[in-house]
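Single-letter residue listing:
Number of protein chains: 2
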Amino acid sequence: MRVDIWSDIACPWCYVGKARFDKAVSQFANGDQVEVRHRSFELDPGRAPNDIAPVVPMIAEKYGISVAQAQANEYKLGDLASAEGLEYQTEGRDHGSTFDLHRILHFAAEKGLEAEVWEAFYRANFAEEASLYDCGRIVEVAVAAGLDKDEVTAVLEDPAAYREAVKADEAEAAALGANGVPFFVIDGKYGVSGAQPTEVFGEILDKAWGERKPAIITVAGTDDAEACGPDGCAI
Amino acid sequence: MRVDIWSDIACPWCYVGKARFDKAVSQFANGDQVEVRHRSFELDPGRAPNDIAPVVPMIAEKYGISVAQAQANEYKLGDLASAEGLEYQTEGRDHGSTFDLHRILHFAAEKGLEAEVWEAFYRANFAEEASLYDCGRIVEVAVAAGLDKDEVTAVLEDPAAYREAVKADEAEAAALGANGVPFFVIDGKYGVSGAQPTEVFGEILDKAWGERKPAIITVAGTDDAEACGPDGCAI
Chain Z
957 MRVDIWSDIA CPWCYVGKAR FDKAVSQFAN GDQVEVRHRS FELDPGRAPN DIAPVVPMIA
1017 EKYGISVAQA QANEYKLGDL ASAEGLEYQT EGRDHGSTFD LHRILHFAAE KGLEAEVWEA
1077 FYRANFAEEA SLYDCGRIVE VAVAAGLDKD EVTAVLEDPA AYREAVKADE AEAAALGANG
1137 VPFFVIDGKY GVSGAQPTEV FGEILDKAWG ERKPAIITVA GTDDAEACGP DGCAI
Chain U
957 MRVDIWSDIA CPWCYVGKAR FDKAVSQFAN GDQVEVRHRS FELDPGRAPN DIAPVVPMIA
1017 EKYGISVAQA QANEYKLGDL ASAEGLEYQT EGRDHGSTFD LHRILHFAAE KGLEAEVWEA
1077 FYRANFAEEA SLYDCGRIVE VAVAAGLDKD EVTAVLEDPA AYREAVKADE AEAAALGANG
1137 VPFFVIDGKY GVSGAQPTEV FGEILDKAWG ERKPAIITVA GTDDAEACGP DGCAI
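Residue numbers (this note's numbering), protein chains in the order written: chain Z, 957 to 1191; chain U, 957 to 1191.
By construction, these hints were calculated from the structure, which means they are not laboratory data. Don't take every hint at face value.
[Said to hold, decoys possible] Pairs of lysine to any residue, SDA-like flavour, derived with a Cα cap of 25 Å:
1) U:K1105 / Z:L1112
2) Z:K1163 / Z:Q989
3) Z:K1123 / U:Q989
4) Z:K1123 / Z:G1068
[What the hints assert, rightly or not] A short list of chain U residues far from chain Z (calculated; beta carbon distances all over 12 Å):
5) A985
6) G1041
7) E1047
8) G1048
9) E1085
10) G1166
[Said to hold, decoys possible] With the C-beta cut set under 7 Å, the calculated list includes, among others, these residues of chain Z facing chain U:
11) L1132
12) G1136
13) C1184
All C-beta atoms in this analysis are idealised placements derived from N, C-alpha and C, irrespective of residue type, glycine included.
Input sequences plus hints: build the corresponding full structure.
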């Protein structure tokens, strides 16, 4: 059973929500048959790659709240992350464009390392002191997660690489009516928004599993339609 | 709407059946919304890469028929291909392992060139005089279809590259009960075997389109589950 998760590496609720979801999967009887796929969603899609700024004053200015309030929000997020067993740097985090991170995540998926790189990017963005918004740091984190340095560098240097894959994910999210993240689609059927409690994710997994679709229906077509098999081609 | 087609490049009925299917899509009112995916199926999966032989005597020996009968079968296949507007070399074609071709097709899919390389491989195998069962020729055909020469060579030189992707496709075909090709699965729902007439493919496309699943069902979950949107993160 497949679960698609639209999220952004810069999204604290995605970081927390993913941990709650992962816990639900680990508690789910058929958890080993749940295939999770990362889907791209940039919260700040127009942001220039070199527009990097500390989170707290950026949030304060963007939403017209005081720096103290923005900082208090970070402390609250830190507490909620901590409740899920996640580390969280509540002071001094950076914000920037996540477009390159999404491109690398699509590349990682092709290499079978999506889960590893996804977790490494979350950790680097939320739990580590060094800013992730820097080509050198992105390469460092991606390579530590198992990707090849030259290949990652080549993807970063070619802005067209995986661009369409990121944009296609975002178009699909829009078509599904998702205007925020995290956004989960379970078995292509049930959509749920937000960092739901683990129990809610567990209930949806149970429900979708119970209703998962049967194998395909075989259509007879023309009985003598020609085919080739291990014993040769019907003539 | 997605259509998965399991096939082998060495399979004449796959070559003919794909042309009949493509014609059905071109005549289908929603044909521009049909996404076709190549899925791997080797008819001769244990064949050594260097075991290359002319088709006609190989077929005669394998199935205990005369060389004349095997050659007559090729002429008949040539006529049926011709009826679909396809060229077909009825004399002197080679047979060999298609494992490398399938690996390159998976690579091509990642590069957005699956359709182009698929068609080029069919054409090279059935319509052109030069044998496709040779690394140099595979590279030549793949590059003419738009792939990068160094990248194709690297895939061919690494037998592990895309091996699992090929094997996963074959395992899925087996799970779906397909023991011959071509095998079509329309919208993950209807399976049909063989080079069906164009009209049969058209009927199945119509049926599947009429029944295509609705958009996802939104699950409310906990109403105040936290999410981040373009206007910030709910705290």
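Hint check:
Among the hinted pairs, K1105 (chain U) with L1112 (chain Z) is consistent with the structure: their alpha-carbon atoms are about 21 Å apart, no more than 25 Å. A threshold of 25 Å between alpha carbons decides the hint, and for K1163 (chain Z) with Q989 (chain Z) the separation of about 15 Å falls inside it, so the pair holds. With a C-alpha separation of about 18 Å, the suggested pairing of K1123 (chain Z) with Q989 (chain U) holds against the 25 Å cut-off. With a C-alpha separation of about 21 Å, the suggested pair K1123 (chain Z) and G1068 (chain Z) falls inside the 25 Å cut-off, and the hint holds.
Every Cβ of chain Z is farther than 12 Å from the Cβ of A985 (chain U); the closest lies at roughly 20 Å, confirming the non-interface assignment. The Cβ of G1041 (chain U) lies farther than 12 Å from every Cβ of chain Z, with a closest approach of about 17 Å, so its non-interface assignment holds. Separation of E1047 (chain U) from chain Z is adequate, the least Cβ-Cβ distance of about 16 Å exceeding the 12 Å criterion. With a minimum CB-CB distance of about 18 Å to chain Z, G1048 (chain U) clears the 12 Å threshold, and the non-interface call stands.
With a minimum CB-CB distance of about 21 Å to chain Z, E1085 (chain U) clears the 12 Å threshold, and the non-interface call stands. For G1166 (chain U), the shortest C-beta to C-beta distance to chain Z comes to about 14 Å, beyond the 12 Å cut-off, and the non-interface label holds. Taking 7 Å as the C-beta cut-off, the interface hint given for L1132 (chain Z) holds, the closest approach to chain U being about 6 Å. The interface hint given for G1136 (chain Z) is met, as the beta carbon of that residue sits about 3 Å from the closest beta carbon of chain U, less than 7 Å.
For C1184 (chain Z), the suggested interface contact is upheld, since its CB lies about 4 Å from the closest CB of chain U, less than 7 Å.
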